[in-house]
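Using the sequences provided together with the hints, build the complete structure.
Chains as they are written, first to last, in this note's numbering: chain Z, -10 to 68; chain B, 69 to 293.
Heads up, some of the hints might be wrong.
Covered stretches of chain B (chain Z as the covering partner; in silico rule of three or more C-beta atoms under 8 Å from a C-beta of chain Z) [to be verified]:
| no. | segment |
| --- | --- |
| 1 | 128 to 137 |
| 2 | 170 to 182 |
A short list of chain B residues far from chain Z (calculated; beta carbon distances all over 10 Å) [claimed, not checked]:
| no. | residue |
| --- | --- |
| 3 | P79 |
| 4 | N82 |
| 5 | V89 |
| 6 | L109 |
| 7 | E111 |
| 8 | R112 |
| 9 | G125 |
| 10 | V144 |
| 11 | L196 |
| 12 | G204 |
| 13 | A223 |
| 14 | D226 |
| 15 | R227 |
| 16 | D240 |
| 17 | R280 |
| 18 | S285 |
Distance ranges between label pairs, derived from CB positions [said to hold, decoys possible]:
| no. | chain 1 | residue 1 | chain 2 | residue 2 | range |
| --- | --- | --- | --- | --- | --- |
| 19 | Z | R8 | B | P110 | 44 to 50 Å |
| 20 | B | E229 | Z | S40 | 38 to 44 Å |
| 21 | Z | E63 | B | R247 | 33 to 39 Å |
Honestly, the hints are just simulated from the structure, not real lab data. Quick reminder that beta carbons are idealized off the backbone N, C-alpha and C, glycines included.
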Amino acid sequence: MKVRVFVSLKPGVLDPQGRAVHHALEGLGFGGVEDVRVGRMIELEVADSTSDEALREMCEKLLANMVIENYRIEKLETA
Amino acid sequence: MAFRSAVVTFPGSNCDRDLAVALEKVSGEPTIRVWHGDAELPERLDFIALPGGFSYGDYLRCGAMAARSPIVRAVVEAANKGVPVLGICNGFQVLTESGLLPGALLRNAQLKFVCRTVPLEVANSQSLFTAGYEQGATIMLPVAHHDGNYFADEATLDRLEGEGRVAFRYGDNCNGSQRAIAGVLNQAGNVLGMMPHPERAIEPELGGTDGRALFESAVKALVAA
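Set out below in structure tokens:
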């Protein structure tokens, strides 16, 4: 099964990269952009039997740094 | 008693030699070099140092991969038994990622790599690593990093300050760190992580000697023990 893990900075954690991207979008003339936060998406191919518990553990032990980041797991059905 | 120190080298470390030389110059004893793939540390170590650099190419997050390597599991075990551990720059990032120190190091607030000699305030001169400095003294040490912006939640920052665990603060907060924190200690006081490079400031010919007292403090405390 294919799993996507979205890792994003927690609200309140300064995101200088997001700020720079925001600034660049404005520089390109795009108006109305309120805020930009940069995160990361990790795609995993795992055995169908992989438990939710194991996926959460992967996120909390390595994929996300729980001090500064949140994660969201999205399971995609096997094509 | 001979001072037995070890420096761990990860793929991508680049301050490991300087750190080993600094420990050797100050202690007069050879520093043991440990490779990241080793599962065990040498026996009876007095001091373990994690160097600066870009371990594992900074993949995922700075220090994240190194913090999960077998050798760092052994370092965590040793630290929990009381062996002094010093992490400099990337070594500091490894220590926060491993959970030995609280907080995290984010991208510098101004997004620039900072590489210059900066003033630091010695915020705690009572530790094993900082006893050779005067409390509140200003020292000059080089920094060279892109991700040195110290972050922890307010409660953690209050606790660190209340317990005297902020070892160094930036005089000019060159990277946007919370409360200008440049170096923190663990609760027991045997683990120090710091972004500035004391190992680059031990010889007058190389621009300064303000880093020497850090190594001298540790050697003195540990050889006397």
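Enumerated hints in conflict with the structure, sorted upward
Nothing - there is no hint that the structure violates, so all of them hold.
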